[in-house]
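Peer 1: The UniProt record's numbering numbers the first residue of the sequence shown as 1 and each following residue consecutively.
Hints were generated in silico from the structure; no laboratory data involved.
Careful, some of the hints might be misleading.
Said to hold, decoys possible - For each label pair, taking beta carbons as the anchor points, the in silico distance ranges come out as:
#1 K426 <-> D75: 35 to 41 Å
#2 D75 <-> Y542: 33 to 39 Å
#3 Y519 <-> S17: 35 to 41 Å
#4 M438 <-> G92: 40 to 46 Å
#5 E805 <-> C506: 40 to 46 Å
#6 G83 <-> D382: 53 to 59 Å
#7 A572 <-> G845: 53 to 59 Å
#8 K426 <-> D46: 44 to 50 Å
#9 G724 <-> D499: 49 to 55 Å
#10 K214 <-> A178: 37 to 43 Å
#11 D499 <-> D382: 55 to 61 Å
#12 P15 <-> K804: 47 to 53 Å
#13 K770 <-> D46: 42 to 48 Å
#14 P13 <-> E805: 39 to 45 Å
Please read these numbers as outputs of a predicted model, since none were measured by experiment.
All C-beta atoms in this analysis are idealised placements derived from N, C-alpha and C, irrespective of residue type, glycine included.
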Amino acid sequence: MGTIPQISVMRGPTPRSDLQHGHRLYKLFQQTAEKYPHHTAFIYEDGHGLHKQLTFSELEAKTNRLARALLKQIDEKSPNSDGDYIIALAVGASDTLVISLLATWKCGCAYLPLDSNAPPERVRHILAEARPVLVITETDEKEHLYKNVGHITYHKLGNIAANLPSAGLLDEEIMPCAEDPIEIVLYTSGSTGLSKGVRIRNSSVKNRLEWQWKQFPYAPDEQFCVFKTALTFVDSVSEIWGPLLHPGLPRTLIILPRDVTTNPQKLVAILEKYKVARLVLVPSLLTAILLYLGLSKQNQSKLQNLKLWVCSGETLSVALATQFFEHFNTGNQILCNFYGSTEIMGDVTFHIMKCTEDVSVDNKVPIGIPLDNTVLYLLDKDLRIVNSGEIGELYVSGRNLAAGYVNGRDAFRFIESPHTVDPDHKTLYKTGDYARIMKDMLIYEGRTDSQLKVRGHRVDLSEIDSALNQITGIDKGVALCYSPGEINQQILAFVLLEDEAKMSACDIELELARSLPKYALPQVLIVQKMPYLVNGKVDRQYLLNYFKQRGREENLLLDEFDFSEVPKGKEAIADCLYKTIISVLGNGVRSKISLKTNFYSIGGNSLNSVYTISKLRDNGYIISITDFISAKDLGEVLNKITHEDDADIAKIDNEFEKYTVEYMGDQHKEDVYRMIMESFAYKADIETKMQPPVQLHEYIPLLDGIWPVLIKQNVSIVARNLEGKVVGVSLVFDDDEEPEVDLEPPLSYVLEFLDYIEVPIRENNLPKGKRLHSFMLGTDQQLTPQENIEVTDFLEKKIIKLGKERGYIGIFATNTNPLTQQLAEVLNYKPIKTYQINQYVALNGQRPFKILPDSVVTVSSWKQF
Numbered sequence: 001m002g003t004i005p006q007i008s009v010m011r012g013p014t015p016r017s018d019l020q021h022g023h024r025l026y027k028l029f030q031q032t033a034e035k036y037p038h039h040t041a042f043i044y045e046d047g048h049g050l051h052k053q054l055t056f057s058e059l060e061a062k063t064n065r066l067a068r069a070l071l072k073q074i075d076e077k078s079p080n081s082d083g084d085y086i087i088a089l090a091v092g093a094s095d096t097l098v099i100s101l102l103a104t105w106k107c108g109c110a111y112l113p114l115d116s117n118a119p120p121e122r123v124r125h126i127l128a129e130a131r132p133v134l135v136i137t138e139t140d141e142k143e144h145l146y147k148n149v150g151h152i153t154y155h156k157l158g159n160i161a162a163n164l165p166s167a168g169l170l171d172e173e174i175m176p177c178a179e180d181p182i183e184i185v186l187y188t189s190g191s192t193g194l195s196k197g198v199r200i201r202n203s204s205v206k207n208r209l210e211w212q213w214k215q216f217p218y219a220p221d222e223q224f225c226v227f228k229t230a231l232t233f234v235d236s237v238s239e240i241w242g243p244l245l246h247p248g249l250p251r252t253l254i255i256l257p258r259d260v261t262t263n264p265q266k267l268v269a270i271l272e273k274y275k276v277a278r279l280v281l282v283p284s285l286l287t288a289i290l291l292y293l294g295l296s297k298q299n300q301s302k303l304q305n306l307k308l309w310v311c312s313g314e315t316l317s318v319a320l321a322t323q324f325f326e327h328f329n330t331g332n333q334i335l336c337n338f339y340g341s342t343e344i345m346g347d348v349t350f351h352i353m354k355c356t357e358d359v360s361v362d363n364k365v366p367i368g369i370p371l372d373n374t375v376l377y378l379l380d381k382d383l384r385i386v387n388s389g390e391i392g393e394l395y396v397s398g399r400n401l402a403a404g405y406v407n408g409r410d411a412f413r414f415i416e417s418p419h420t421v422d423p424d425h426k427t428l429y430k431t432g433d434y435a436r437i438m439k440d441m442l443i444y445e446g447r448t449d450s451q452l453k454v455r456g457h458r459v460d461l462s463e464i465d466s467a468l469n470q471i472t473g474i475d476k477g478v479a480l481c482y483s484p485g486e487i488n489q490q491i492l493a494f495v496l497l498e499d500e501a502k503m504s505a506c507d508i509e510l511e512l513a514r515s516l517p518k519y520a521l522p523q524v525l526i527v528q529k530m531p532y533l534v535n536g537k538v539d540r541q542y543l544l545n546y547f548k549q550r551g552r553e554e555n556l557l558l559d560e561f562d563f564s565e566v567p568k569g570k571e572a573i574a575d576c577l578y579k580t581i582i583s584v585l586g587n588g589v590r591s592k593i594s595l596k597t598n599f600y601s602i603g604g605n606s607l608n609s610v611y612t613i614s615k616l617r618d619n620g621y622i623i624s625i626t627d628f629i630s631a632k633d634l635g636e637v638l639n640k641i642t643h644e645d646d647a648d649i650a651k652i653d654n655e656f657e658k659y660t661v662e663y664m665g666d667q668h669k670e671d672v673y674r675m676i677m678e679s680f681a682y683k684a685d686i687e688t689k690m691q692p693p694v695q696l697h698e699y700i701p702l703l704d705g706i707w708p709v710l711i712k713q714n715v716s717i718v719a720r721n722l723e724g725k726v727v728g729v730s731l732v733f734d735d736d737e738e739p740e741v742d743l744e745p746p747l748s749y750v751l752e753f754l755d756y757i758e759v760p761i762r763e764n765n766l767p768k769g770k771r772l773h774s775f776m777l778g779t780d781q782q783l784t785p786q787e788n789i790e791v792t793d794f795l796e797k798k799i800i801k802l803g804k805e806r807g808y809i810g811i812f813a814t815n816t817n818p819l820t821q822q823l824a825e826v827l828n829y830k831p832i833k834t835y836q837i838n839q840y841v842a843l844n845g846q847r848p849f850k851i852l853p854d855s856v857v858t859v860s861s862w863k864q865f
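All chains, please: the whole structure from these sequences, using the hints.
Peer 2: The structure is reproduced here in C-alpha cells:
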C-alpha cells in the first residue's frame, strides 16, 4: 500500500486472485465438501435446547436437492429489468436459512433477504422493484404480502426436494447468468424516500473474502465461527461465507438466533462454549459485552479466546476502544475498526489496534487504510483531488464496488472516474462521507447529506420526510436529528396538520410504522405553525428547539395499620414498619395496613419509599431499596428487614436480574436527551416552579454543550431493563474537567446557582484527588413509581461501584430533589451544605427562585470511596 505525495489518494495492495473468475461461489463450497465431507459445516442452537448440525457432505446433498426443487418452482420465470434472477428469503436466522441461501446460489439465482419485522409497505416496494422469481417463507402467516409474487414455505419446498437427486447440479441445469453474476441483493435506505437494492457482484464477494483470509487468517486451533448479524446487513456475508467457503481447512459455523445475539449474557455463554476466536459487531454491542463482563469477578476472565474483535456499522469512539484495552490488557486481543457500506461490499478500509497507543489519531479512531484492490479518493465538489490533510468527500473504486442499484436507481452515486490513478477501476462510488488523511491513515469526518446510522442501520431523513408527507391530513412534515451523521441520534418529525385534520402524534407514529422500519421511526411533534426563513426554507434550528410541554402529577393515598397476622417475634419490627409508613404517608387513612398491603397501592411512590427506608434505618432496621420496592406486600418487606448489625448497607442485592448498566455512548443520545429533558422539565423542583419555568426545549443547548465532554470522559452510565430498553441515565463528570456552557435565562440561573453553591465547596471542603461529580439523573417517564426509585437506586449504586473500580476517591453531588437527597442519605453521603433556594440572588440582582417555598432546599454531599 502506498500514497501519492501531496494529494489525497490511497491505494491498497493489488494481489492476483487465486479464485477462478466468474466461478459461482457455491463451487467453493462443493470443493470443500469433496475434501472434508465429514467436517461439521454448521451448528444451530436456538437458546432453548434445540441443537442441529450438518456435515459438509450432508449440507451439499441437502442443498442440491433443494436447488432442484427451487428450479421446478421458477421454471420459465423471467429475470427482472436488470437481468437478474432473484430469490427472496423471509426466513429467520436458523439452519433452514443457511440451507436456503446455498440452494439459491446453486440454482443460479441471487438471494435477497427480507426483514421479517419490516413494515408491509416496505416489503411490497422491495418485491415490486426487485421482482424476485420466488419468495421462500417460514410460514403462510404473511401470505397476503406475496400475493403478486410466487412464494412457498421452506417446509413445502423440503417436501418437494425429499425425492430429488442429491448429486451436484450441472451448469446447464441452472439459470443463465452473466460473466460476473450478481450473487446478493441487499436493500438500504434511499435518498429519494424509498429503500434501494444494492446489486453485489460475484467478484466483489470474492475480493472481500480473499482479503479477509489473507489479512486475518484462521488460527490452527480456531474451530468455530459465529453467524449472528441480521442477513439484511452486509456484514453477514463475511460471517457466513468466510468459514463455509474457505478453500483451506474449513471451520464450523455457529448459527445464532436473534434472542441470543441481543442478550450479552447468552451471547457470551455461546462464545465461551465454542471458544470463538473472532467476532464482528457494532460498537453498541461491544459496549454491552464489556459492561456484562465487568458485572462480576466471575465474568472478568471470560472471552480470553476471542482474539479478534471487528467493529463496523457505527462510529467507534476513542472512549470505547480505550475501555476495550482497559478490560483486555494482556496484549492478546486485537480490536479493528472497519469502514464501508453495502455498496462497497461492507468494508473498504481497516484500522488495527493492539494496544491503547494505537487507538487515537487527532482524538478519533482512524478508519485506516484500503483493502486489497481498492483505491480511495478525497475529492472536492468539482471532483478534484484535495491536498493531503484536507477534508474531501470520499470516493471509492476497485473490486468491492457493487454493480449499482436495482432498476438503475440513484445512478449518480456511481460515476466514471475523472482520474487515471488506476485505469483498471474506472468507476467511482460516491460515499457521501467526508474524510481526510493524517499519518497515512483515513479519518472519518461526517456525512455530506441527511443520512445517519441508528444501531448500525442506515437511515435517510428524506425517506422519513417522504413517508410523513404521504399521510392524509398532514400539511407539512419535516424530519430532523440533532447531529446528522452521528450514531443513534434522536430522530424527530415536526408536523403541521391540515386545518380540518383530527389526529394525534400517536396516530401519526402508528401510520409511519406501516412504511418505516422500527429503528427509523421518529418522535412526532405536532406544531401550530411551520417556521420559515426569509429564503422560504423551513427554519430547522427553530424546530430543533421546540417541544410541546406536558405535565404529570402523582397522587398520595393514606392508610393505618393492623398487627393481627404478624409472626411471633417480629412484633417490634412490624410496629416500627407500620408506624414509619403512616408517618411518611400521613393520616386520614381509609383502611388498615396489614401484611397483605402493597405499599404502592396505598400511596407509596418513588419519593416516599426512600423516606420510609431512610426512617427505618434511623431506627436500626435495614432493607435494600430493591428488596423494598420489589416486595409484593408488607409481609415480604417484613421478612427482608434485618437489623443494622447484621446487614451490609452498601450491598447490591438482585439488581442485575432486572437491570443492566453500560457506559453512556453516542448510541444512547436519543434516550438520554429524552429522559433528562422530560425528568427535569416535568418534575424538577426548581425548574418547574421558578418563574418563568424552564421549557422542555431549553435543555437542548445544555445537553449539546456537555455531550462531547461526557462522551470523552466515559464515566456517565445508563440502565436497561430486561427488554433492553434504556430506562435511566446518570450524567457524571470528572470533577476537574467540566465544560462551560453559555445558556439563556431561565436555565442559566440554575447553572449559575449551582456554581454559587458548589465552587466554594470544591475548593475548600473536598479532599484532593480524582473525584466524580454527579451532574444530572433522569429516568423514563413511563416507569411506575416503584420502577422509578428502583432505577434511580440502581444508577446511584452503580456510579459508586464503577467509580471505585476506576480509581476515583469519591463523588460529589448537589441534590435539589428530595428523592435523590434521601438516596444520598441512605447511601452514606456526608452532607456538607444545605441551602434554602429562594434566598439566592443572581449576579444581575434578580431573585429567580423567590416564589419557591422555604422547604425547597439543596443539599451538597460527598461520598468517600
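Peer 1: Let me make sure I understand: some of the numbered hints might not hold for this structure. Which ones are they, in numerical order?
Peer 2: Violated hints: 2, 6, 9, 10 and 11; rest satisfied.
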